[in-house]
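Engineer: The chain contents come next:
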Amino acid sequence: MTSQVDGEGRARRLLSGQEPDVAADAGHVGAPPRVGFFTDTSVCIGCKACEVACKEWNAVPEDGLLLTGMSYDNTGALGASTWRHVAFIEQNKPLGGQEAHLDHSGIDVLALAAQGSGTPVAEAAVSPTTPGPPSPEGRTELRWLMASDVCKHCTHAACLDVCPTGALFRTEFGTVVVQEDVCNGCGYCVPACPYGVIEQRPGDGRAWKCTMCYDRLGAGAEPACAKACPTESIQFGPLDELRERAAARVERLRETGVPDARLYGADPSDGVGGDGAFFLLLDEPEVYGLPPDPVVTTRDLPRMWRHAGVAALALLGGLAGTFAGRRGHGR
Amino acid sequence: MSEARVTREGLAGERPGRDALFGNGMDGEGARRRRGRGRRGGERRLVPDAEFTSYYGRPVIKAPSWAATDIAGYLFLGGLAGAGSVLAAGADLSGRRRTARAMKLSSLGAVSLSAVALIHDLGRPERFVNMLRVVKPTSPMNMGSWLLAVYGPLAGAAAASDVTGLLPRAGRAAACGAALTGPAVAAYTGVLLADTAVPAWHEGHRELPYLFTASAATAAAGMALLAGPRAENGPARRAAVLGAAGELLMTRLLRRRVGVVAETYAAGRAGRLLRAAEGLAAAGAAGAALLGGRSRTAAAASGAALLAASACTRFGIFHAGVASARDPRYTVLPQRERLAARTEEARRVAALGDGPYDDTSGVIAT
Ligand code: SF4
Ligand code: SF4
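Chains F and G supply the protein sequences, listed in that same order.
Here the first sequence stands for residues 8 to 338, numbered as in our numbering.
Here the second sequence stands for residues 59 to 424, numbered as in our numbering.
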């Protein structure tokens, strides 16, 4: 949050709520449109190309080579040296609303074969989410969810608000970036982030997180992860456009029998004013390790300062009161 | 069926991968037709599972990486210094010379140590001055640094003048300045903790500033009882009762108001520390009130108990916060409740006024 005088000559300085122009609110004049990520987890195949591309492009150091036992996720979580993290969730649930028990006797398979490939080319994308063979009851019972998580580049970013040095700042693209030459490693941004994204790097002391490839954006290129994603699960672009595309996509999925598809972080009136990087999920957010209703902590800050003011006055008054009265022996 | 065809020029009519469909979508239009009968298709569950889920039990937010000795120690020392300056000025103005000097020295020592703790905890201590690079009211840590930058020198000047006897007028003015800024130093630390996503702290954002100022009064009273002569300890004894009562009351209130997260205040190390704090505060206050005026030893023992009580409170609150951040339950459950309440409210409003209701986000579209 920084000051900017809006059309009516008011300084906006919003701590929460809808904010249509984050870059202008942060003092950028003539900024390009806000950009972001739309991560559509329904087409993620869990290849981790985004993780690798991010590490390579940004020269992010190694973050541990452990086997976690968490499905194919040996990365663990976002952190100082993990700016993209692919989550893997194995569930005993059918994927969406397949009805594998349906009677297909009316379908003329020979006619289909005569058409050429039995599998339509564009729909042949065999992914781990492709339903397996039906179980005895005629249902498929395994689904494998994959989702590439990243810094949300919040409209109201708690990390940025609480940073005492001004190391965290809002770029002209509306993203949130740490200046590593300013950060003094106070660690305040770490517990402030409602998504658990930013972290101090051991041995280095400073805080690190995704920059949405600030250098690439400046050169007119898309971020490394989006560039590397083979299925376009990670889509980069102007935020308004992404939101529209996402709304159409979720609608389409629901129509075709995936009722649990929902958008996460796309709503500009949510607790953080909407995310610059938002998602299409196939289950509740917490299943993917995301908070179901994140709120920027500074939304309540004016109230906290008022309480602190009253508390300070009470302390001053209370202690002054202990001196009231006659001064005598032992008093 | 897809329109995609293989032609001499390559594929024609294919869709980009990001439009790939699955499930019933794989056979195209059919899904739409079947939707009406769909058992698992159709409407999304609006009422989420009551049971708690997480990603392999991993925390949702990051716990602070602060060292307890540094930051909880800082909270304690900052409180001791800030409230101590008020007692010092009061003692000064009411002619309690020895207590005044002791408290000025204690405040100077405490604020110096607290600054050391703060700097020691930085990942890049040599960049400490970057804290004063901007003035930023949205950052309690920035505001706190400025407060310390004003308060610290005042406390130092007050102590230096008292000990050396130089510039007595300026010394007294500095003591008064420290007494006015000290309470702010003690109170802001409540905001410092509350202005994070840590459930045990943020959920208590109304109570923490009061709890911390009360705890500061407890600590300062303890120090005055420990370091001041018996003949001068009347105000300190009253402050002890006031501080301890406030601390006990606010701790209860805090635990009552934070909902499910209150478990973190009762369990483990935090629970042990807070129980110890309660016992020590009660004993210290009782000792100070009943015996502190009669026996120097009793006064000193009560003072030590009060100091320990304040320290236990700060460390207890600190550890409860860390525990609440490490367990995804405490992040997810309160948010789920909030979401459910909002969805319920939106449905109620929609039912009443036929207002626009958007079931995807559980909020009213405006
Ligand atoms: S997700 Fe966290 S680190 Fe990223 S902008 Fe939001 S508050 Fe900052
Ligand atoms: S660790 Fe660095 S980026 Fe984070 S709040 Fe402190 S100074 Fe700012």
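Just so you know, these hints were derived from the structure itself, not from any lab.
Glycine included, each C-beta is placed from N, C-alpha and C at the ideal position.
A portion of the hints provided could be inaccurate.
Unchecked claim - Residues from chain F that face chain G, not an exhaustive set, calculated with beta carbons under 7 Å:
1. ASN99
2. PRO299
3. ASP300
4. ARG313
5. GLY324
6. LEU326
Engineer: Let me make sure I understand: some of the numbered hints might not hold for this structure. Which ones are they, in numerical order?
Structural biologist: Of the numbered hints given earlier, those the structure breaks are 1, 4, 5, listed in rising order.
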